[in-house]
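S.K.: Each chain, written out:
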Amino acid sequence: AQKITQTQPGMFVQEKEAVTLDCTYDTSDPSYGLFWYKQPSSGEMIFLIYQGSYDQQNATEGRYSLNFQKARKSANLVISASQLGDSAMYFCAMREGLGFGNEKLTFGTGTRLTIIP
Amino acid sequence: NAGVTQTPKFQVLKTGQSMTLQCAQDMNHEYMSWYRQDPGMGLRLIHYSVGAGITDQGEVPNGYNVSRSTTEDFPLRLLSAAPSQTSVYFCASSSITTEPSYEQYFGPGTRLTVT
Chain G
1 AQKITQTQPG MFVQEKEAVT LDCTYDTSDP SYGLFWYKQP SSGEMIFLIY
51 QGSYDQQNAT EGRYSLNFQK ARKSANLVIS ASQLGDSAMY FCAMREGLGF
101 GNEKLTFGTG TRLTIIP
Chain L
1 NAGVTQTPKF QVLKTGQSMT LQCAQDMNHE YMSWYRQDPG MGLRLIHYSV
51 GAGITDQGEV PNGYNVSRST TEDFPLRLLS AAPSQTSVYF CASSSITTEP
101 SYEQYFGPGT RLTVT
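Chains as they are written, first to last, in the working numbering: chain G, 1 to 117; chain L, 1 to 115.
A few of these clues could be false.
Sample of chain G residues at the chain L side, in silico, Cβ under 10 Å [what the hints assert, rightly or not]:
1) F35
2) S42
3) F68
4) K73
5) A81
6) L84
7) A88
8) C92
9) G101
10) F107
11) G108
12) I116
Quick list of the computed label-pair ranges, beta carbon to beta carbon [said to hold, decoys possible]:
13) L:S67 with G:S42: 24 to 34 Å
14) L:S69 with G:R72: 44 to 54 Å
15) G:Q2 with L:K14: 29 to 39 Å
16) G:A81 with L:S18: 47 to 57 Å
17) L:N62 with G:Q14: 22 to 32 Å
Just so you know, the hints here were simulated from the structure itself, not pulled from any lab data. In this text, a Cβ means the ideal position worked out from N, Cα and C, and glycines have one as well.
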């Protein structure tokens, strides 16, 4: 089974609208971390946001928030007030275990987001 | 503070040639890793290291070797290049002891083509 599933290969969103990128995960480890990375057309990987499995509140970083629904094993990225510069590939990733030696990340296949002016 | 650097940025190899992709970080991170990115497949872990002298295999290690003689450097060696190794390679590092984000810092990538 896929550990990280991103079901939206591509999305088109009007500028200034909010957008939700879906991510579901599969793990039996009670300790895990979930990440979102942005990859613009230039190719670099940019860290956006992190959510730990024991975190009580949803993570937020500026216009980015992570809608963490533990029982449903989903960790959707919400971008508020989208901008043209948000056009990029977005990857959800997970590490299983939060201790020493558990730093490996498993990535989803990504969602290509295009913001329409 | 340069972060994670990778050289070269682009490389073309012929089948059977060997080469080393270089990765260095100046953040004193214990953890370093190599991923490859292929179209439609996200990033897949090749090898990783939790400190100097300690390396281990990831999801797709075949055809690649690594060593970690210093904290700063983590080179990836292709022993006998094959067209299936055409990919974009990313090196990443993180601090094992720094919380709370556990963020991994990625290098700019190396685009490798094997003909």
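S.K.: If a hint holds in the structure, say so; if it does not, say that too.
M.R.: Checked hints:
1. F35: holds, 8 Å
2. S42: Holds, because the Cβ-Cβ distance from S42 of chain G to chain L comes to roughly 9 Å (cut-off 10 Å).
3. F68: This hint is violated: F68 of chain G lies away from chain L, its Cβ roughly 14 Å from the closest one there, beyond 10 Å.
4. K73: Hint on K73 of chain G: violated, closest Cβ of chain L at ~18 Å, above 10 Å.
5. A81: Hint violated; A81 of chain G Cβ to chain L Cβ min 23 Å, cut 10 Å.
6. L84: At about 23 Å, which exceeds the 10 Å cut-off, the nearest Cβ of chain L leaves the hint on L84 of chain G violated.
7. A88: Because about 14 Å separates A88 of chain G from the closest Cβ in chain L, which is outside the 10 Å limit, the hint is violated.
8. C92: Holds, because the Cβ-Cβ distance from C92 of chain G to chain L comes to roughly 9 Å (cut-off 10 Å).
9. G101: Holds - the Cβ of G101 of chain G comes within 10 Å of chain L, reaching about 6 Å at its closest.
10. F107: holds, 4 Å
11. G108: holds, 6 Å
12. I116: With Cβ-Cβ at 23 Å, over 10 Å, it is violated.
13. L:S67 with G:S42: 24 to 34 Å: The hinted range 24 to 34 Å holds for S67 of chain L and S42 of chain G, with Cβ atoms some 30 Å apart.
14. L:S69 with G:R72: 44 to 54 Å: holds, 45 Å
15. G:Q2 with L:K14: 29 to 39 Å: holds, 35 Å
16. G:A81 with L:S18: 47 to 57 Å: Since the Cβ atoms of A81 of chain G and S18 of chain L sit about 49 Å apart, the hinted range of 47 to 57 Å holds.
17. L:N62 with G:Q14: 22 to 32 Å: Violated, at about 45 Å.
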